[in-house]
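A.B. asks: Sequence:
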Amino acid sequence: RQREYFHRKGKWNKIPGWTKDLYYTALEKQNNRCGICKALMLRPVRDHNHATNKARELLCDPCNRLLGAAFENIETLQSAIAYITKYK
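To convert, note that position 61 of the sequence shown is 61 in this note's numbering; the numbers rise steadily by one, no gaps.
Keep in mind the hints are simulated off the structure, nothing from the lab. A few of these clues could be false.
Unchecked claim - Simulated pairs of lysine-lysine, DSBU-like, Cα-Cα distance not exceeding 35 Å: (1) K88 / K29; (2) K54 / K38; (3) K38 / K14; (4) K29 / K54; (5) K86 / K20; (6) K14 / K29; (7) K20 / K38; (8) K54 / K20; (9) K14 / K54; (10) K38 / K88.
Said to hold, decoys possible - The calculated label-pair distances, taken between Cβ atoms and stated as ranges, are: (11) Y24 / Y83: 34 to 42 Å; (12) L22 / K86: 21 to 29 Å; (13) R65 / K20: 35 to 43 Å; (14) H50 / L27: 18 to 26 Å.
Positions of the beta carbon are idealized from the N, C-alpha and C atoms, including for glycine.
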């Protein structure tokens, strides 16, 4: 069932650092859960480091978008945590 989400027109959609074997290994190792929020993933996203092209983990779409929106900037993400904590 998962296969339908990462094939486009019958071809593997290439993401730097990812292979089919790595995808299936990560899916099993992560128990089909997001590497950040641990939610069950319906459509896993293959995350990678844009600077090194190394594969990281599978993420849910919202967590992947979070990293992208913050431009993977650690200070921005820490600032967001501080902001949320301040108004908790």
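A.B. asks: Now tell me if each hint is right for this structure.
C.D. replies: Against the structure, the hints come out as follows:
Between the alpha carbons of K88 and K29 the distance comes to roughly 33 Å, so the proposed pair stays at or under 35 Å and holds. Pair hint K54 plus K38 holds up; C-alpha atoms about 21 Å apart against a cutoff of 35 Å. A C-alpha spacing of about 25 Å is found between K38 and K14, which places the hinted pair at or below 35 Å, so the restraint holds. Restraint check: the Cα-Cα separation between K29 and K54 comes to about 18 Å, which is no more than 35 Å; the hinted pair holds.
For the suggested pair K86 and K20, the alpha carbons sit about 42 Å apart, so the restraint of at most 35 Å is broken. Between the alpha carbons of K14 and K29 the distance comes to roughly 21 Å, so the proposed pair stays at or under 35 Å and holds. For the given pair, K20 sits about 22 Å from K38 by alpha-carbon distance, which is consistent with the 35 Å threshold. Among the hinted pairs, K54 with K20 is consistent with the structure: their alpha-carbon atoms are about 14 Å apart, no more than 35 Å.
Among the hinted pairs, K14 with K54 is consistent with the structure: their alpha-carbon atoms are about 13 Å apart, no more than 35 Å. With a C-alpha separation of about 22 Å, the suggested pair K38 and K88 falls inside the 35 Å cut-off, and the hint holds. In this structure the hint that Y24 and Y83 lie 34 to 42 Å apart at CB holds, the actual value being about 38 Å. Look at L22 against K86: about 39 Å separates their beta carbons, and that is not inside 21 to 29 Å.
Hint check: R65 to K20, Cβ distance near 24 Å, so the stated range 35 to 43 Å is violated. For the pair H50 and L27, the beta carbons lie near 22 Å from each other, so the given range of 18 to 26 Å is met.
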